[in-house]
Amino acid sequence: MKRIHLTRREVLLGGAASLFAAGVARPPRLRAAKLPEPPLLRPRVEAGKLPPMAERLPETPAVEAMEREWQQIGRHGGDLRILMGSERDLRQMTVYGYARLVGYDADLELAPDICERVEVDDGRIFTFHLRKGHRWSDGAPFTSEDFRYWWEDVANNEELSPAGPPIRLRADGELPEVSFPDATTVRFAWSARNPTFLHDLAGPRPLYLYRPAHYMKRFHKAYAEPEALQAAVQKHHQRNWAALHNYLDDLYKFDNPELPCLQPWINTTPGPGKRFIFERNPYYHRVDPDGRQLPYIDRVVVGIADPSIIPAKTGSGETDLQARYLRFDNYTFLKQAADRFPLQVRLWQPATGAKEALYPNLNVNDPVWRELLRDVRFRRALSLAIDRHEMNEVIYYGLALPGNNTVLPRSPLFKKAYRQAWAEFDLDKANALLDEIGLTERDGRGFRKMPDGRRLEIVVETAGESTEESDLLQLIGDSWKKAGIALHTNPSQREVFRRRIFSGETVMGIWKGLENGVPTAEMSPRELAPVDQYSYQWPKWGQHYQTRGRSGEPVDMEQPKRLLELYEQWRQSTEQETRTEIWHEMLSIHAERQYTLGLIANVPQPVVVHNELRNLPKEGLYNWDPGSFFGMYRLDAAFWAGERGDEKA
Amino acid sequence: MFAYTIRRIFTMIPTLIAISIIVFVIIQLPPGDYLSTYIAELQAQGEGVDQQRIDFLREQYGLDEPMWQQYLTWVTGLLQGDLGYSFEYQLPVNEVVGDRLLLTFVISVVTILFTYAVSFPIGVYTAVKQYSIGDYTLSFIGFLGLATPNFLLALVLLYFANVVFGTSIGGLMDPEYVNQPWSWGKVGSVLEHLWVPVVVIGTSGTAAMIRRLRANLLDELNKQYVITGLAKGLPPGRLLIKYPLRLAINPFISDIGNLLPQVVSGAAVVSVVLDLPTTGQMLIGALKSQDMYLAGSFLMFLATLTVIGMLLSDLALAVLDPRIRLEGKAER
Amino acid sequence: MSSSDQSQSMGGPPRGRIPHTVDDQPFDPGGDEVLTPEQERLYMASQWRMMWLKFRRHKLAVISGALLLALYLSILVSEVLAPYNLHSRFTDHIYAPPQSVHLFHEGEFVGPFVYGYEKKLNMETLEREYTSNPDDVQPLRFFCSGDSYRFWDLFQADFHLVCPAEGGTLFLLGTDRLGRDMLSRIIYGARISLTIGLLGIAISFLLGISIGGAAGYYGGWVDSTAQRSIEIVRSFPEIPLWLALSAVLPVTWSPIWVYFGITVILGLLDWPGLARAVRSKLLSLREEDFAVAAQLMGARPRRIIFRHLLPSFASHLIASATLSIPTMILGETALSFLGLGLRPPITSWGVLLSEAQNINVVALYPWLMLPVVPVIVVVLAFNFLGDGLRDAADPYR
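From first to last, the protein sequence lines are chains X, A and D.
FYI, this note's numbering numbers position 307 of the first sequence as 982, with every residue one higher than the one before it.
FYI, this note's numbering numbers position 197 of the second sequence as 265, with every residue one higher than the one before it.
FYI, this note's numbering numbers position 325 of the third sequence as 328, with every residue one higher than the one before it.
Chain X extracted, bound-state conformation (with noise of 0.2 Å):
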């Protein structure tokens, strides 16, 4: 597949392009009025409710070409069945459908999808221009009424947005002007560059930049009548108008059955409930190559259980796909029940950079911590003294990446230097390296001892969720008494854990390692760089960063200041070739400089998937962000062979 770049003035072709690399000759809108209606839908056209699937598309919708190996054409009709842990989780229909102004693809590589087209000018002024005759999904049509309704009526409005438009928004701390060309042309323009925009865009939870207009005119002091606003207000159960359009108007959550959305399916069932039907959207923009308006699926059927029976329902043929909630020790008892039940149990594979790391807390209060963590060859020693390839070998089977916490094979950044860099198992070196910080005297124990006398013991402490961590951590305290080492687990709570992390309370964190774990260079480096306070091996660096300057601590490292300055670089670059540079030396510096401990990475995700549901990669990547989890794999396109999906139903 061809790869585009954002650099200056080029133009990101979407639906036009595709149509004609398809070769298709005939517009997709006149081949639908030739196709019959989904099975959902048959009975609202006939009665007359609802106009036919050519006009309820938009003129040039978005044409999903199935050209990889594992798409095919299908057909319509039939109910999907999922698995949720609650009902918070009905937000995963908006990760899963993934309509978006611009989206990733199966490949990793953004294109448009809500819009036809983007052109970027200078990496600061981008202008979206919609599909004409693209409607919501209760028919009104979706226009730039929509963006600025939202621009300055919600996002720009006192009432509304007491702290102002989304932080994502700005750009060197600078808001965007927005402008409204025409009705289907939006522009955002900045006076700095904002690289970050579309990823921010394509997200898993994106940024939202319009809303209902029509809907939510009523909920609006400026637009609706007083009395209505009033009455609907305490129909709510809200405190004032601002309280209940914040309510109302949530496009993520699925809260709100009437609220119109973009996405493939809608919510039709008011909570709080255990089961949520989601019926196809009649006026979703995309189709396939024949014409055919997508999704293929008619219903998604969302089933609320508790996550500790989510594996057992799974394992008793309860749901059609299902992966959140499964992990990699559920694979043999699935694999079992995939002898009973039409199911396959796939394995994809995650992208974060290590299924856990170590985070040796840089900011940690203890002084005497303090000097030894930021010693860089005490955190050498520790990776040389921990035996991945046992982890891999007892919990995974073998089947996991042992390493550091960086980029994975996948990657186009990857380099296995980075992976491998004192990351073998080696006590005599750990050892060596330990005497040569000067820790040599031991007590009664074995264990070594610290400057001050204490014994050398690493009080690690977890978010207590899961029984994984506290396994990995009894291998790597065995491991590390063979280099004098003690450990100590610590399990508490999410919250308590986070606070004392940032409160320079703990020594040594345990977590999952990179969110994005298979970047571009075009994607933000941000986690390997001192900005954010929740990495946890410098959190009031980050705090720092974060608050410009008014709390946490600046940075006082030589290595993690040349991280920040790269990370500053980054976001100004425009070409490609720096921005790799960038990256690459980025990547170099934190392998060789061990600021967090990566253990394993690679840790596959079962993925349960009936015998009957095509359109979906045999194997393929679970991951929040980028990735949506099965957003990327476009799963408006999956549909039923078989009787399940029976067109003429």
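Simulated from the structure, these hints should not be mistaken for lab results.
Check the hints yourself; a few may be wrong.
Across the chosen pairs, the derived CB separations fall in these ranges [unchecked claim]:
no., chain 1, residue 1, chain 2, residue 2, range
1, D, ARG305, A, VAL387, 36 to 42 Å
2, X, LEU705, A, LEU259, 52 to 58 Å
3, X, PRO901, A, VAL387, 55 to 61 Å
The beta-carbon is built from N, C-alpha and C at its ideal position, and this holds for glycine as well.
Given the structure of chain X, go ahead and fit chains A and D onto it with the hints provided.
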């Protein structure tokens, strides 16, 4: 009798007030509040929430008011039948709870009936045929139910029911029936799912009940009038039913006070394992996420249920046992 | 015998006055009731001795008592009894099923031994398949030197009651996901699980007796307040209250302090039962003559309660306490299940059970649920013991 009833009801009130204070304190004890937990969750997903929005939300939910004020708001709401507002569900608690109260009630009642139905014959048998093989065996089985941790038993039975009977895992009915109106199919499905929680929860209570019944019956059977009756030629069965049994039923009534809290709390744990849509599961979730009003109102509901249950059992006992009415104290 | 009256005539019913007869033998008041030495002992026996005799009749209680005594004593030497160290793990024998002990190999008596494992890794289902290898005879060793351990964390030693054959394995109850021997873990787990009840009982006892005693003895407003508090505490559904209270325990506490915290919480919620029993007993007993006498003699209330009243139903108290311990043990398992009690790396039966609480275990590795057996046994034993004690508690009935 009337005076006694009035007196009992009056003493209930300070109890309920004290319970409400304790409940409120307990909910507030863990550090942080709903918002901080919610924010922590968001952060885990990589979603940033800025401080101003947090402060805005805090003020909206009234979480910035002083403790005593929050308490008063809640209690006055309770008295008016307004159970408060659930942050998690963004709905009034009344609407969230809805069906679940009914189901909790149903499960509790069915479990208690099951307990009675099982412990009664076993209790009688073991008392009458004391020290026999039957006595030992049945007592043993009763105790087994008491001794096995509920959650493990529930999980094993869940799996067993699925493999042997094909019952769907968890829940109170098959998924297809969930939002459907009541029909015979739905009733059958509920019964199919109901036996597991009832057996698991019920077995813990049966043992105690059996023991009580047995002990009381043994006491009675050794009394003079029984021996007199036997000597005078009354058939043993009729004798048994006419006199001692009536007196021995005493614990069944008086023990509702003991049984009810046990059943309700047992149901809470078992609901989590079996994923039953009862108050237990929701309560545990609410406690974990510090959804203040939801958790607090639930605890109050459960406690009130128990207090009223105890009141009823005291009243029933007073009716049965004149000694209590006259002397004014409850004899156990 | 006697000399008869002159007017006695032979045959027929006596007519007229019945002659006055006097026996001139020395009079022995207890003559018609001759006691055997045993009966003598019985009637002259003290209260405690009578209780013991009655208790002995209840066979089940006696067996339970002996069993519990053995279990509690075993805590002292867990390190010796367990075939392996608590933390030993064997990466080659993960999720190994239990091995059974045989005496005869191919018809010959060899002494206690186990068959070794043959292991295969099934990469299709990611399962480790173990079969018993009939050619690999591994005789057990007794009183041997095996895994080293620190005895009560005081000194290093490696003496075990039973060990596997050299280079062999002895997993009588199988292994868990890290290859740790389940039998050893259960033996060590007893330390925590059996003692957690005791501390809780102590607290509950203290509270129960003081509050119940005061309520029963003083009556009046003391009684009303106590009754109110009893009712309040009893009205709470247990589990949610434990949940709420355990959520309060600072997670930063070390596991040992969490352990104590849990026992305190369990004890705090258990005292009402005891208090009510104490109260009602006291209410009836304080009218007894001996109590009134003590009062008239000027004894202070505390002395009356503790020296005179309580001992008369101490046995009841003991029985109640014994019946409360199982609640504590089960409570600890429930809390561990909810994730609020003890957590790894501490090992208790509750922790072992919560680790077994998932579908993988039930379907694939059921031996991991075996810790439920000691829980059941101990709970049953305490119940039977308590029953026996209660029956024996009032020997005069």
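Here is how each hint holds up against the structure:
1. With their beta carbons about 39 Å apart, ARG305(D) and VAL387(A) fall inside the hinted range of 36 to 42 Å.
2. Our hint of 52 to 58 Å for LEU705(X) and LEU259(A) holds, since their Cβ atoms are close to 56 Å apart.
3. Restraint check, PRO901(X) to VAL387(A): a C-beta distance of roughly 60 Å satisfies the suggested window 55 to 61 Å.
In terms of the numbered hints stated before, the structure departs from none.
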